[in-house]
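Residue numbers (the working numbering), protein chains in the order written: chain A, 16 to 130; chain B, 7 to 115.
If you are wondering where the hints come from, they were derived from the structure by calculation, not from laboratory data.
For lysine-lysine, the following DSBU-like pairs were computed, each having C-alpha atoms within a straight-line distance of at most 30 Å: (1) A:K22 / A:K80; (2) B:K48 / A:K80; (3) B:K77 / B:K48; (4) B:K48 / A:K22; (5) B:K62 / B:K77; (6) B:K48 / B:K62.
Partial list, computed: chain A residues near chain B (C-beta under 10 Å): (7) L58; (8) T63; (9) T71; (10) N117.
Because the structure is a prediction, the values reported are computed rather than measured. Beta carbons: idealized from backbone N, C-alpha and C, even for Gly.
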Amino acid sequence: SAVISQKPSRDICQRGTSLTIQCQVDSQVTMMFWYRQQPGQSLTLIATANQGSEATYESGFVIDKFPISRPNLTFSTLTVSNMSPEDSSIYLCSVRPAGLYNEQFFGPGTRLTVL
Amino acid sequence: GESVGLHLPTLSVQEGDNSIINCAYSNSASDYFIWYKQESGKGPQFIIDIRSNMDKRQGQRVTVLLNKTVKHLSLQIAATQPGDSAVYFCAAGGNQFYFGTGTSLTVIP
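Looking at chain A on its own, in the form it has when it is part of the complex:
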């Protein structure tokens, strides 16, 4: 398994500002992902964080709005840029330590409220 921590755990931000969320894993992992979960809803995949290269974004998500970094195999950041109230959500980091067709684990999430 993998132990995943996220910072911050929650934040309240003003419209138009940006927030960077950090994801730290206790071991090197092959695959890392970022998801969004709006209140009472399911999880939506934002992007796959690729180590050493640009992230791969899902339809409806763009790099300018959600820039992602993954400098090594244990760490990634997601920035929510130029925030609006519609960005209020829980943002979750997820990892698949052993690669394809293996368990995928989730962090505790970052609860973001945009005023």
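Starting from the structure of chain A, add chain B where the hints point.
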């Protein structure tokens, strides 16, 4: 992408009874499936997985059934306990996972 849906948004069962949560997926290319449990304020917790070359897999008190013909997945929980109360999601995919809408399970003591 993948569209994943669940048949019922809520499910209530008596403690000790068996629970069955269903899920439908749309992409026949999906070849790996996971069930997650999410408690309030926490991230999803892995329960059990199954690959497309199997139609049944059992864990501790849980069984996942996969019907590729109709693109349907189910999670069976035996002897449901109050601690099983949570939202359950199925996820389908391969390289990336796409999640269903979730079923909220309430166990009545």
